[in-house]
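Sequence lines, in order, name chains A and B. Heads up: the first sequence begins at 1 in this note's numbering, then just goes up one per residue. Heads up: the second sequence begins at 260 in this note's numbering, then just goes up one per residue.
If the Cβ cut is set under 8 Å, some of the chain A residues that face chain B in the computed set are:
| id | residue |
| --- | --- |
| 1 | 54 |
| 2 | 61 |
| 3 | 79 |
| 4 | 88 |
| 5 | 89 |
| 6 | 96 |
| 7 | 97 |
| 8 | 104 |
| 9 | 108 |
| 10 | 110 |
| 11 | 111 |
Treat the hints as calculated values from the structure; they're not laboratory data. Owing to the predicted nature of the structure, the values given are computational and were not obtained by experimental measurement. We put the beta carbon where it would ideally sit given N, CA and C, even for glycine.
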Amino acid sequence: MNPTPIREITVLPGRSRSGEPERFEAITICPGDTISIVGPTGSGKSAFISDIEVFARNDTATGRTVLVDGEYPPEEFVRDPAHKPIALITQNTQCLADLTVEEFLLMHVRSRKIEDEEIVSRTIGLANEFTGEAIRPDARMTALSGGQTRSLLVADAVLIAAAPILLLDEVENAGIFKERVIEVLRAGGKAVIFVTHDPLISLLSARRIVMRDGAVERVIEPDGRENAALREARRLDGILRQMRDEIRAGNLITGSVGV
Amino acid sequence: MRLAVIAGPPSAGKTAVVRQTIRALQDRHRFAYLKIDVVRAFEDEELAAEFGIPARKVYSGDLCPDHAGVMVMRDAIAWAGEEGADLLLVESAGLCLRCSPYTTQGLGIAVLSAVSGTNTPLKMSSMLALADIAVVTRIDLVSQAEKEVFRERIREVNPGLDIVETNALQGTGMRYLLRAIEDSPPITDPDAIVLRGAPPLGVCTICIGKTEIGWQHHFGVIRKLEGADYLYRGD
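Model the full structure from these sequences, guided by the hints.
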């Protein structure tokens, strides 16, 4: 379903909100890359991934341009979702389709002209690896929780849309198993770009793009220098996850849950 | 002069699409704009103030607004010509979704919102079936799978329809609509323009299938662009 594998995506600079040109030359994204976009609320994080998603051509508010393999992408990449190499999972955690999970996925499978209908149950299975609340095929899309919706849309992007590049806008907000998501995406050789406020996701990413005033301010490649911080973030995340589970289960936490 | 008819449900983002179109093409084209609505509309005043283009509106009152639009469209082409425009945008009220106010010698643009529900394209099928291009707005609010499922629903109604996905507030994705507008053939004979399809229900000569544009060709409830009452009144 992905007849033209892409080698890289290049983001060329635009302008900050105050009109200053951005100071990077080009940001290149290749399959297997993990990048997090960080910065205060309103600093332009979502606009950055939106530019990638629509293959900006100096025609968005930021003035950025996005190239595929060094050139303007062919029109079907931009316009035909079946050829589009990018899948964006938005912050919106409610799906408005008046369909059951199974109908929704089948419709997507049909639109992609995929023969193998088994892919629907595999997608639901993968989604259930990302969420603690099991998704049933006959559940209605509109009745799914935020975490279930997000899990299903990520699993769909991996298996049905099979996009080589995934853009995830604040994936951590919906209460899904973020480390498992990153693991699966990495194992699949996907390029993943996270817009995130989450320290663990930021530290798990190989590159970090720092936004300010609508512009890219810095691109950081920690290159192993943050390993100690990553270990700490993992430990804290583990503690918080256990506490969350205890609280959800209705328990009283009287002792240490330290890992 | 070129003609583009923009139809779609209320609050689908028709005016946002119009605004982005004018913003992007105002250096190359002289626009005129007509809004058709039922009792109140403000778009003409807003667009005239924002872009300094000739803009006006027609209230349909008791009459179906799409019928009112057809009735006055011939006058509107003449008015836009007198104003020196080379691109006339006519925006429908977008009510019952049965009508399809597109004409020959003009581009038919259907605007629908990505968050309006999976069955919306089926419900507004007559509006999509005769359009040249569908503009799906609020695309920034849905994820990839939802986009594709929505698109599939549109294709069920009209497999050949050109689809443009946009965040019309930002103007992303609009370049393909702009190209379609600029590439559409200009009007060659305004007196030969007809509706592409007959609207349902027979309460006036348009309803019963007369497709010529302009009040001159109709009888019963008729209305001119100039000098009519504030609202239509049923006979």
